[in-house]
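Trainee: In terms of this note's numbering, the sequence shown opens at residue 1 and continues consecutively.
No lab work stands behind these hints: they were computed from the structure.
Every value quoted in this text rests on a predicted model; they were computed, and no experiment measured them.
Check before you lean on any hint, since a few could be wrong.
[As the list claims (entries may be wrong)] For lysine-lysine, the following BS3-like pairs were computed, each having C-alpha atoms within a straight-line distance of at most 30 Å: (1) Lys221 - Lys158; (2) Lys161 - Lys104; (3) Lys217 - Lys30; (4) Lys30 - Lys94; (5) Lys104 - Lys30; (6) Lys111 - Lys100; (7) Lys56 - Lys161; (8) Lys161 - Lys217; (9) Lys94 - Lys158; (10) Lys104 - Lys221; (11) Lys111 - Lys30; (12) Lys161 - Lys111; (13) Lys111 - Lys94; (14) Lys221 - Lys30; (15) Lys104 - Lys94.
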Amino acid sequence: MILMWFLVGALSSIRVNIGYVYLMELMPAKAQTLVTTIWNIQEASIYVFATLYFWKISTHWFYFVIIGFFFNLISLVLLFFLPESPRYLISVGKLEEARKGFAKIAALNRKFLDWEEQRFIKSQKSSFKKNDEEDAKTVSAEEGFEKSAVPPASYYLKQPKIMVNLVIMSLVWLATSFGYYLILSLINTFDNVYITAFTSSFSEMVAYMVAGLFYLKVGVKLSLILSFAVSTLGGLLILVWGLQDQDSTLFFIFFLFAKFGVTCTFNINFTANQ
């Protein structure tokens, strides 16, 4: 039973992450922020629905799982009608299949497909004043991979700017995930767990909407700074005053304040890294 729940949890995480990346490929660039925000709002709405179900309808999990099973079954069937990821097809050199995939995506977005295959074929030319064949060998030797191939992960790790960005965003994600899931765990410590969970999930939906607007209006950097400032302030208020009386309304307000900031960073991270 424990192994089954482990597999369910692992596969759910894989499905969500791959599904999100794939969804972004299907969306026009100008709609990606809105779609990401809606994606996260519907995820928070599931928590609201789950809370209401166990609070007001039934404490038995079987019927709730049946609902989830049918959602998964419908999704599985619909996936067969979607094209393979064009990014993946291009990375393995299947350009004709990628063209067909782009054509389907263009049709979904009601756009005309302007297919230029040469854009996806890496040039063998270099800026050196030698013949093309010698140049290709020189560049390949310097960079450690064939120009027509996908660069290995080690190539990107050797780029200082990429490494700095990777470290910074990894720390941002770590701080966001830690705070987000810590708060989810804290919900179970309140006496009125259903009221707490419902209020927390509803505030999460509001935070996702606010984060989407922040991102569109002020950009990634300032949005993250403001969101982390809100969550940090909420955490400090909990440490200084909230812990003195964990059953008080004040503690719950500080708790929601911290979660609001953390949820905003969660949405912005998803949007910025799409």
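Trainee: Take the hints in turn and mark each one as holding or not.
Mentor: Outcome of the hint check:
1. Lys221 - Lys158: OK: Lys221 and Lys158 at ~25 Å, within 30 Å.
2. Lys161 - Lys104: Between Lys161 and Lys104 the Cα gap is close to 35 Å, so the pair fails against 30 Å, i.e. violated.
3. Lys217 - Lys30: Answer holds: Lys217 to Lys30 is near 14 Å, not above 30 Å.
4. Lys30 - Lys94: holds, 27 Å
5. Lys104 - Lys30: Answer holds: Lys104 to Lys30 is near 19 Å, not above 30 Å.
6. Lys111 - Lys100: holds, 14 Å
7. Lys56 - Lys161: With Cα atoms ~52 Å apart, Lys56 and Lys161 exceed 30 Å; violated.
8. Lys161 - Lys217: holds, 26 Å
9. Lys94 - Lys158: holds, 28 Å
10. Lys104 - Lys221: violated, 35 Å
11. Lys111 - Lys30: holds, 14 Å
12. Lys161 - Lys111: violated, 35 Å
13. Lys111 - Lys94: Answer holds: Lys111 to Lys94 is near 22 Å, not above 30 Å.
14. Lys221 - Lys30: Roughly 19 Å separates the two Cα atoms, so the pair holds.
15. Lys104 - Lys94: holds, 16 Å
Figure legend: structure checked against the earlier numbered hints; hints not met, in rising order: 2, 7, 10, 12.
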